[in-house]
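Chemist: Starting from the given sequences, assemble the full structure and let the hints guide the process.
In order, the protein sequence lines correspond to chains A and B. Numbering (my numbering) for the first sequence: 292 to 839. Numbering (my numbering) for the second sequence: 214 to 691.
All the pointers check out, no bait thrown in.
Taking beta-carbon pairs under 8 Å as the criterion, some of the chain B residues facing chain A (in silico):
| hint | residue |
| --- | --- |
| 1 | Glu-465 |
| 2 | Glu-505 |
| 3 | Tyr-517 |
| 4 | Gly-523 |
| 5 | Leu-562 |
| 6 | Gly-570 |
| 7 | Leu-573 |
| 8 | Ala-576 |
| 9 | Leu-577 |
| 10 | Phe-600 |
| 11 | Lys-608 |
Chain B stretches covered by chain A per the calculated footprint, using a threshold of three residues with CB under 8 Å from any CB of chain A:
| hint | stretch |
| --- | --- |
| 12 | 550-560 |
| 13 | 582-589 |
Since the hints were derived computationally from the structure, they do not count as laboratory data. Glycine is no exception: its CB is placed at the ideal position from the N, C-alpha and C atoms.
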Amino acid sequence: MQDQAHANRLSVDPEPTGTTAATLRRCRTGRGLGAGRVMNRRIRQLAAVMIGLYVLLFAALNYWQVGRTEELATEPGNTRALIRQFDTPRGPIVTADGVVTAMSVQAMGDSDVKYDRIYPTGDLFAHITGYYTFGLGATQLEQSKSDVLTGDTFTQQVRAIENILGRNNDNSGSLHLTLRNDMQEVAKFLLGPREGSIVLMEIDTGAVISMWSYPSFDPNQVADPDYATAFDYLTGLQADERDPLLANAYQQRYMPGSTFKVLTTGAGLDADVITLDSYWEPVSEWVPPQTTDPIQNYGGTVCGGDLTEVFRRSCNIPFAQTAIDLGPDRFQEYIARWGVGETIPIDLPRAASSTIGDFTDIDQNLPLLAMRGFGQNEDQMVPIHMAMVAATVANDGAMMAPFVVDAELDHNGRVIDSTQPDVWKRPISRETADILSDLMVEVAVNGTASCCIGLDNGISVAAKTGTAQLNGPDEPERSHAWIIAFAPVDKPKYAVAVMLKGTDAEISAGTGGRLAGPIAKAMLDEMFKIDPPEPAAPASTTPETGSP
Amino acid sequence: MSVEAMPVSARLVARRRSTELTLIVMAAAIVGVAYTLASLGANAEIPARLGPFLALLLLLIGIAHIAVRKLARGADSTLLPLTVLLHGLGYVMITRLDSELAGLQSIWSLVAIAAFVATLLFVQRAGDLARYKWTLFFVGVGLLILPMVPGLGVNVNGARIWVNLGPVNFQPGEFAKLALAVFFAAYLAERRELISASTWKVGPFRLPELQYVAPILVAWGFAVMVMVGERDLGSSLLFFTLFVVMMWVATERASYLVLGFVLFGLAAFVSSRLFDHVQTRVDIWLDPWADEYGKGFQIVQALYGLADGGLVGTGLGRGSPDKVPEAQNDFIFAAIGEELGMIGATAVLMAYLLLIGAGLRIALRTDRTFEKLLAVGLTTIVGMQAFIIIGGVIKVVPLTGITLPFVSYGGSSLLSNYILLALLLRLSDSGARRLGELPDDPTPRERWAAWRLRRRDHGLPQTDDATDAYADVREVVS
Numbered sequence: 292m293q294d295q296a297h298a299n300r301l302s303v304d305p306e307p308t309g310t311t312a313a314t315l316r317r318c319r320t321g322r323g324l325g326a327g328r329v330m331n332r333r334i335r336q337l338a339a340v341m342i343g344l345y346v347l348l349f350a351a352l353n354y355w356q357v358g359r360t361e362e363l364a365t366e367p368g369n370t371r372a373l374i375r376q377f378d379t380p381r382g383p384i385v386t387a388d389g390v391v392t393a394m395s396v397q398a399m400g401d402s403d404v405k406y407d408r409i410y411p412t413g414d415l416f417a418h419i420t421g422y423y424t425f426g427l428g429a430t431q432l433e434q435s436k437s438d439v440l441t442g443d444t445f446t447q448q449v450r451a452i453e454n455i456l457g458r459n460n461d462n463s464g465s466l467h468l469t470l471r472n473d474m475q476e477v478a479k480f481l482l483g484p485r486e487g488s489i490v491l492m493e494i495d496t497g498a499v500i501s502m503w504s505y506p507s508f509d510p511n512q513v514a515d516p517d518y519a520t521a522f523d524y525l526t527g528l529q530a531d532e533r534d535p536l537l538a539n540a541y542q543q544r545y546m547p548g549s550t551f552k553v554l555t556t557g558a559g560l561d562a563d564v565i566t567l568d569s570y571w572e573p574v575s576e577w578v579p580p581q582t583t584d585p586i587q588n589y590g591g592t593v594c595g596g597d598l599t600e601v602f603r604r605s606c607n608i609p610f611a612q613t614a615i616d617l618g619p620d621r622f623q624e625y626i627a628r629w630g631v632g633e634t635i636p637i638d639l640p641r642a643a644s645s646t647i648g649d650f651t652d653i654d655q656n657l658p659l660l661a662m663r664g665f666g667q668n669e670d671q672m673v674p675i676h677m678a679m680v681a682a683t684v685a686n687d688g689a690m691m692a693p694f695v696v697d698a699e700l701d702h703n704g705r706v707i708d709s710t711q712p713d714v715w716k717r718p719i720s721r722e723t724a725d726i727l728s729d730l731m732v733e734v735a736v737n738g739t740a741s742c743c744i745g746l747d748n749g750i751s752v753a754a755k756t757g758t759a760q761l762n763g764p765d766e767p768e769r770s771h772a773w774i775i776a777f778a779p780v781d782k783p784k785y786a787v788a789v790m791l792k793g794t795d796a797e798i799s800a801g802t803g804g805r806l807a808g809p810i811a812k813a814m815l816d817e818m819f820k821i822d823p824p825e826p827a828a829p830a831s832t833t834p835e836t837g838s839p
Numbered sequence: 214m215s216v217e218a219m220p221v222s223a224r225l226v227a228r229r230r231s232t233e234l235t236l237i238v239m240a241a242a243i244v245g246v247a248y249t250l251a252s253l254g255a256n257a258e259i260p261a262r263l264g265p266f267l268a269l270l271l272l273l274i275g276i277a278h279i280a281v282r283k284l285a286r287g288a289d290s291t292l293l294p295l296t297v298l299l300h301g302l303g304y305v306m307i308t309r310l311d312s313e314l315a316g317l318q319s320i321w322s323l324v325a326i327a328a329f330v331a332t333l334l335f336v337q338r339a340g341d342l343a344r345y346k347w348t349l350f351f352v353g354v355g356l357l358i359l360p361m362v363p364g365l366g367v368n369v370n371g372a373r374i375w376v377n378l379g380p381v382n383f384q385p386g387e388f389a390k391l392a393l394a395v396f397f398a399a400y401l402a403e404r405r406e407l408i409s410a411s412t413w414k415v416g417p418f419r420l421p422e423l424q425y426v427a428p429i430l431v432a433w434g435f436a437v438m439v440m441v442g443e444r445d446l447g448s449s450l451l452f453f454t455l456f457v458v459m460m461w462v463a464t465e466r467a468s469y470l471v472l473g474f475v476l477f478g479l480a481a482f483v484s485s486r487l488f489d490h491v492q493t494r495v496d497i498w499l500d501p502w503a504d505e506y507g508k509g510f511q512i513v514q515a516l517y518g519l520a521d522g523g524l525v526g527t528g529l530g531r532g533s534p535d536k537v538p539e540a541q542n543d544f545i546f547a548a549i550g551e552e553l554g555m556i557g558a559t560a561v562l563m564a565y566l567l568l569i570g571a572g573l574r575i576a577l578r579t580d581r582t583f584e585k586l587l588a589v590g591l592t593t594i595v596g597m598q599a600f601i602i603i604g605g606v607i608k609v610v611p612l613t614g615i616t617l618p619f620v621s622y623g624g625s626s627l628l629s630n631y632i633l634l635a636l637l638l639r640l641s642d643s644g645a646r647r648l649g650e651l652p653d654d655p656t657p658r659e660r661w662a663a664w665r666l667r668r669r670d671h672g673l674p675q676t677d678d679a680t681d682a683y684a685d686v687r688e689v690v691s
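Modeler: Quick look at the structure:
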């Protein structure tokens with residue numbers, strides 16, 4: 292009775308029902324269900340279609356999430372990696388005198404990212420730190436030392452393991468610079484609104500204490516969280532023909548004028564082409580080989596004498612003759628020893644290289660070689676390179692590689708890496724360096740720099756001036772004003788190079804000594820206020836123990 | 214029901230519910246851990262509202278599970294756990310994207326579970342629904358065209374699919390699809406024989422009488438109307454696919470499938486020529502990078518996110534899914550793919566596939582044409598809706614704005630999908646009862662009808678076996 296009723300409700304299936312197993316089997320096969328059987332076939336087909344569709348989705352997921360990940364990661368519109376960087380704290384960049392020049396702060400308002408990058412010192416260190424922006428890239432230390440600042444170096448990652456147990460997930464590192472904020476401010480004040488650069492460096496290490504270039508820019512505006520504002524500002528900088536984005540001090544090169552005579556003299560002495568006793572007849576002009584066009588001294592003056600005399604007065608002709616005497620091959624070889632032609636080995640990206648121009652077929656064009664001997668024609672030096680030249684003379688002929696990063700620190704202030712001073716070149720012998728040092732003292736005491744370089748407190752100083760004439764014979768006068776100097780002479784500590792670009796009549800009318808000299812003096816004076824030299828006792832009172 | 218089979222079936226049914234409970238607890242554990250991890254990933258701290266969240270989660274799944282135990286204890290054991298997993302994962306992603314919306318979503322979750330219980334309570338016999346087919350037809354059509362009524366419909370992001378009723382905004386389309394699925398199932402169950410009989414031939418196709426083809430033309434008309442009037446390509450495609458699939462299953466005629474998709478393709482092609490928004494969708498599907506910062510922005514950013522997530526994902530709370538506009542809605546799958554990687558995204562695909570499998574198994578197991586078709590229809594809705602939106606996000610099909618069932622933010626979507634789930638469970642339970650896996654107790658309504666019957670007809674034979682007596686009652690009721 293029960294079975295009968297059940298069977299009636301179910302279907303007209305003649306098969307005796309009763310067990311669950313039997314009913315289940317019947318359902319699975321669809322047998323005996325009439326219409327259901329046909330529909331079940333369709334339902335299974337539908338299931339197969341659905342599986343097919345989802346397999347298609349799975350295949351597409353593979354395509355996007357495995358196959359094309361790397362390609363999509365480099366798309367310009369893909370800011371995910373950037374966001375990830377901006378969501379993690381980024382450490383500060385701090386000057387040697389403890390001023391924060393770049394730091395991250397919590398982003399305000401509804402921002403895409405957690406942190407904004409700000410530069411409390413404004414334009415002062417713009418060419419050193421560079422900028423770190425959202426969508427406009429990063430430059431200089433912000434770019435080259437990004438892994439330290441975000442905590443991604445191997446050392447930091449290893450040390451981060453100990454932080455996992457703690458609550459601290461901030462792994463950002465920091466950079467300590469060799470540059471001093473106070474000296475940078477002095478440099479900025481001294482240069483004022485004149486295009487040019489000032490470089491002050493430590494002689495025995497190559498540590499850069501101050502490196503200011505004008506024009507500069509405000510990295511805060513490039514790093515503006517508002518993309519459009521930042522983009523407009525950066526576009527404006529790029530369009531500015533003065534190239535404010537490039538540091539005059541180490542990313543540009545300029546005709547060095549007479550400061551280059553240090554290199555020529557060094558080459559001449561080392562190659563035994565000249566000695567301290569060499570003598571040049573005083574003349575006002577000299578006609579080099581292969582031309583009838585004479586070379587003149589600065590201002591057309593009569594100039595000659597021994598090496599000390601011609602170096603002190605910065606005659607052109609003796610150095611032109613020295614270059615000719617060296618000949619193209621030796622001139623190139625000895626000048627190249629100074630690192631001319633190579634990128635300045637500073638720990639900042641995109642540094643420039645100095646040059647003495649094209650030497651192809653110079654044999655047939657010796658007048659050009661003669662002019663390059665005293666820093667004209669195609670000679671172009673990077674300003675920091677000239678500071679390194681002064682430092683080399685002071686440092687017994689060893690040219691140190693300049694650096695701006697003193698140490699890389701982890702989040703807990705432990706040193707990851709600190710810069711070790713490194714000799715880059717040994718362009719001249721110790722003896723030649725001593726001679727050059729004496730020559731430069733003469734320049735400071737009795738020569739072209741005597742007007743302006745005398746330091747406070749009687750600290751001894753050595754210098755070489757330069758006035759690079761840019762104009763042709765009949766053009767209005769236009770020249771860069773240079774000076775390189777180091778002090779104290781007996782125990783050299785600091786070297787400085789000042790370059791004022793010949794942009795206006797006032798600078799062009801002046802000489803390196805009168806224009807750049809006072810700036811170099813002020814830089815050294817200020818530096819010695821901060822770091823006074825050991826009192827140089829008068830020679831007469833020095834106890835000469837052990838000497839006969 | 215044979216007496217000796219009873220203990221076996223009782224054990225089977227009891228095991229089914231305890232399986233469900235185990236699976237739900239596992240799904241809830243996954244969701245709880247995901248919730249905590251998302252907060253840890255984003256803020257490096259244990260979420261402040263972890264306690265209330267877990268309480269709410271346990272409350273909701275407790276209510277749902279007890280409701281199934283009491284009201285549909287023979288039902289499939291995997292449907293609810295899969296839903297808990299998807300819903301919970303969606304909730305975690307919504308919290309991670311916008312904590313304000315998370316509060317609203319938890320209210321919607323409560324409402325949705327309430328609707329789930331209510332559906333199980335009111336629809337005690339799935340077959341009953343068939344009797345309301347014309348009511349549901351008009352309700353469904355009414356809901357569909359409601360957004361087009363001036364003053365009621367609201368344009369959001371170019372699509373006119375919202376209705377503004379004073380304080381509440383809702384998407385009637387989400388409910389229309391349920392009403393129409395029931396209508397289609399009932400209509401086709403009644404007429405499947407007639408419709409499948411072919412009387413004339415056109416080329417390789419054998420077609421039935423025109424009057425029986427009319428419904429497909431009407432459905433097509435509606436699909437076009439929705440596409441043009443509401444600019445809602447997703448819903449339009451979903452309705453039409455639903456109808457064509459149900460026609461195909463009911464009539465076993467592939468010609469309907471072909472005819473249906475040819476008609477839809479034709480409509481889509483013509484409208485892409487006539488209407489910019491359709492053309493735009495096709496253009497950004499073919500090459501979203503052509504307008505990367507404009508119309509293609511959403512999909513390009515979604516693809517970047519997926520690529521950034523890679524195989525294992527960035528980790529919950531550690532990606533940038535908020536770069537994608539409307540990530541909590543249509544693009545929530547991109548957020549999941551970014552933070553949980555391809556592994557997590559594939560888990561979501563598997564969850565839907567298992568849901569589809571469970572739904573179609575219900576259709577296979579049940580013996581009544583209407584219930585079979587309804588189970589097919591409801592499963593198709595979930596499966597196709599998920600496919601259309603996921604496919605849109607990962608550039609498999611043109612992007613159309615519809616929600617990812619159970620996962621996306623939105624009250625209308627959650628509510629309608631929980632009702633859909635309740636109906637599937639009811640169908641599963643009814644099937645199990647008819648298979649004799651558990652006693653087919655009379656519903657309260659049937660008791661009421663029996664009581665009225667007995668009052669009217671005292672000649673009813675009195676037996677000791679109540680179940681048997683109600684057998685006749687059921688014939689009367691259904």
